[in-house]
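Peer 1: Residue 306 in numbering that gives the first Met the number 0 sits at position 307 of the sequence shown; the count goes up by one each step and never skips.
By construction, these hints were calculated from the structure, which means they are not laboratory data. By construction, the Cβ of each residue, glycine as well, lies at the ideal position given by its N, Cα and C atoms. A portion of the hints provided could be inaccurate.
[What the hints assert, rightly or not] Using C-beta positions, here's what the derived DEER-type ranges look like:
(1) R350 with R198: 34 to 42 angstroms
(2) A380 with R241: 27 to 35 angstroms
(3) G157 with G202: 15 to 23 angstroms
(4) R366 with K204: 46 to 54 angstroms
(5) R241 with I292: 40 to 48 angstroms
[As the list claims (entries may be wrong)] No farther apart than 27 angstroms at their CA atoms in a straight line, the calculated lysine-lysine pairs in the DSSO-like style are these:
(6) K204 with K338
(7) K338 with K156
(8) K242 with K344
(9) K156 with K204
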Amino acid sequence: MRLSLGVQVGGLGALSVLLLVGWIHFFLTEHSMMPELQLVGDPKSYSTGPTYGHFRRSIEIGYQPLMVPAAHTLEVMRRDRVLERYLVRTGTRLVFVPFTDGRSCVEAFDRGLDGAVISGISTVRLASCQPVHIVSRFQTGYAAFVCRGARSVADLKGRRMGYTLGEGALHALMAVLERNGLDLSALELVDLRGGDPLRAMAGGKIDAFAEWEPIPTAAVRNFPELASVGRGVADVHLVLSRKTAQDQRELVLELIAAQIRAFFWLKSSGKNLHRASGWVRQEEQRVLAPEIIIDLFDLNRLATDYISDVDTFVGIADRAGRTHTRTDELRDQFEFGRKMGVIPKDIAWERLNSLVLHGMTQLVLARSTVYSLRAPDVASAPIVLKEVPDAGRD
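Use the sequences and the hints to build the structure in full.
Peer 2: Set out below in structure tokens:
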């Protein structure tokens, strides 16, 4: 009896182990239990809504928390006391509105969004369908491929590649493909239509996806069966509605100044960069599923690659000058957008090129004392203006 019972228990134990191993293998190889990246609200319901308190004007600018290192600069700008003093003095309500992808941000312009910090292909797409101006080259964004079972970019050949039509991550990685002897025809492209890439991969719809950092790094850290291969870069731009850019020129200059102050504040110490990474992670965790953890070390590393390259005002002016005098990258993204069908064929490049505001960044740099470029004043919490007491006065 004891022997028989022992055999039965041992048999059940072995069977349980086999079932468990099989279950784990099944989910890791075919249906990895990756949680869905959750949206910040519903982009389709976006509305400027009522203006609370008393303000002369209200400006709303969209941005993507899930785009590093641009998100670092935005988080510092949201805490810029120099910018705050300008807003109070002029009775301006400024709100940064989070979006999970560039396409939703572009579509929100139909519902009254005043501006956005978006990647190059979203920039040219927006400029092709909305009355806007390209104000400044904000900085760069990093993208990477994520794939299960791949060790190099060459391994992506023939894979089902998830992407979002109108997003810039895939374009940012074109050069990576070319360096490895591939092009888009080597991939089976699957438009996720703004859907979650991790969920699509878990459901067996795709084998890989192209995304902005820090999603690739976070995906690999949270799911060891995945690998990040290749890395591309693309410019990110500050784009404002034509009405805002033309009617509120001083606001445009103040926003560019806040952008530059943020660069130098981040550059000034590792402690500042680490603080900004903490702010970025806090906002990103509002977007991501609770199971996805963004590591501060990863955010610091991703941002350092860009920040370390901004050494002097001359360096910033050179970056700005390249955007406004040699628009090769924007034109590249324009042609790619036409090829992918997100920009109408009848839109000429000359029309989009005319929407770039030339010389704005250089003007701010020339007035560095006026705009306190060397004296950033950064708070520990985002600026929230509820009302301006003298807003009713001219």
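Peer 1: Hint compliance check: list the failing hint numbers for this structure, sorted ascending.
Peer 2: none
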